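Working from the sequences, and respecting the hints, build out all of it.
Letter 22 of the sequence shown, counting from 1, is numbered 34 in our numbering, and no numbers are missing.
Simulated from the structure, these hints should not be mistaken for lab results.
None of these values were measured; they are calculated from a predicted model.
There's no promise every hint is true.
Stated by the list, open to error - As a list, the in silico DSS-like pairs of lysine-lysine whose alpha-carbon atoms are at most 30 Å apart:
id, residue 1, residue 2
1, 102, 67
2, 94, 67
3, 102, 89
4, 144, 90
5, 94, 144
Stated by the list, open to error - Just the calculated beta-carbon pair ranges, DEER-fashion:
id, residue 1, residue 2, range
6, 78, 57, 18 to 24 Å
7, 144, 46, 27 to 33 Å
8, 70, 144, 15 to 21 Å
9, 136, 92, 27 to 33 Å
10, 145, 46, 29 to 35 Å
All residues carry an ideal CB built from backbone N, CA and C; glycine is no exception.
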Amino acid sequence: MKKYIVIFGMFCLVNMNTHTFGFATLTAPPGGDTIVLDTNVNDVEVYLNGVLVGKKGSNSFVYKVARSGDDQVFTFKKSGYKDATVTLRKATTPMFWGNVLIGGLIGSSTDSIFTKNSMEYSPSQYYVQLDKN
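Written as structure tokens, this is what we have:
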């Protein structure tokens, strides 16, 4: 019986550490990284990976992109203008390196393999020049 209690205790400890020591996961912004996009013209359709996600009016277009570990592509379309694209790139979040030092293998594995929060989209602001056809 004592053997099963020890095994159960170790399972709980490992499971708790997987969720607790994922520092980059714990500090990740809810809903994803906030990306601010602006263009030289108004009323521009904004697509993310080919799916319409909104329209940029007179203000900057702000969108939260979930951290997926993959590059994301924003496309800007307006009649009379050439389409323009912005590819979001990934950069290692500083919290991941702190996690490697303090949380070790379990925490860094949580961030990089399971939750994809070891990377963030950087930079977070873009200006796109749309040229007339």
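A quick look at each hint next to the structure:
{"no.": "1", "hint": "102 to 67", "in the structure": "holds, 24 Å"}
{"no.": "2", "hint": "94 to 67", "in the structure": "holds, 16 Å"}
{"no.": "3", "hint": "102 to 89", "in the structure": "holds, 24 Å"}
{"no.": "4", "hint": "144 to 90", "in the structure": "holds, 9 Å"}
{"no.": "5", "hint": "94 to 144", "in the structure": "holds, 6 Å"}
{"no.": "6", "hint": "78 to 57: 18 to 24 Å", "in the structure": "holds, 21 Å"}
{"no.": "7", "hint": "144 to 46: 27 to 33 Å", "in the structure": "holds, 30 Å"}
{"no.": "8", "hint": "70 to 144: 15 to 21 Å", "in the structure": "holds, 19 Å"}
{"no.": "9", "hint": "136 to 92: 27 to 33 Å", "in the structure": "holds, 29 Å"}
{"no.": "10", "hint": "145 to 46: 29 to 35 Å", "in the structure": "holds, 32 Å"}
In this structure, none of the earlier numbered hints is contradicted; all agree with it.
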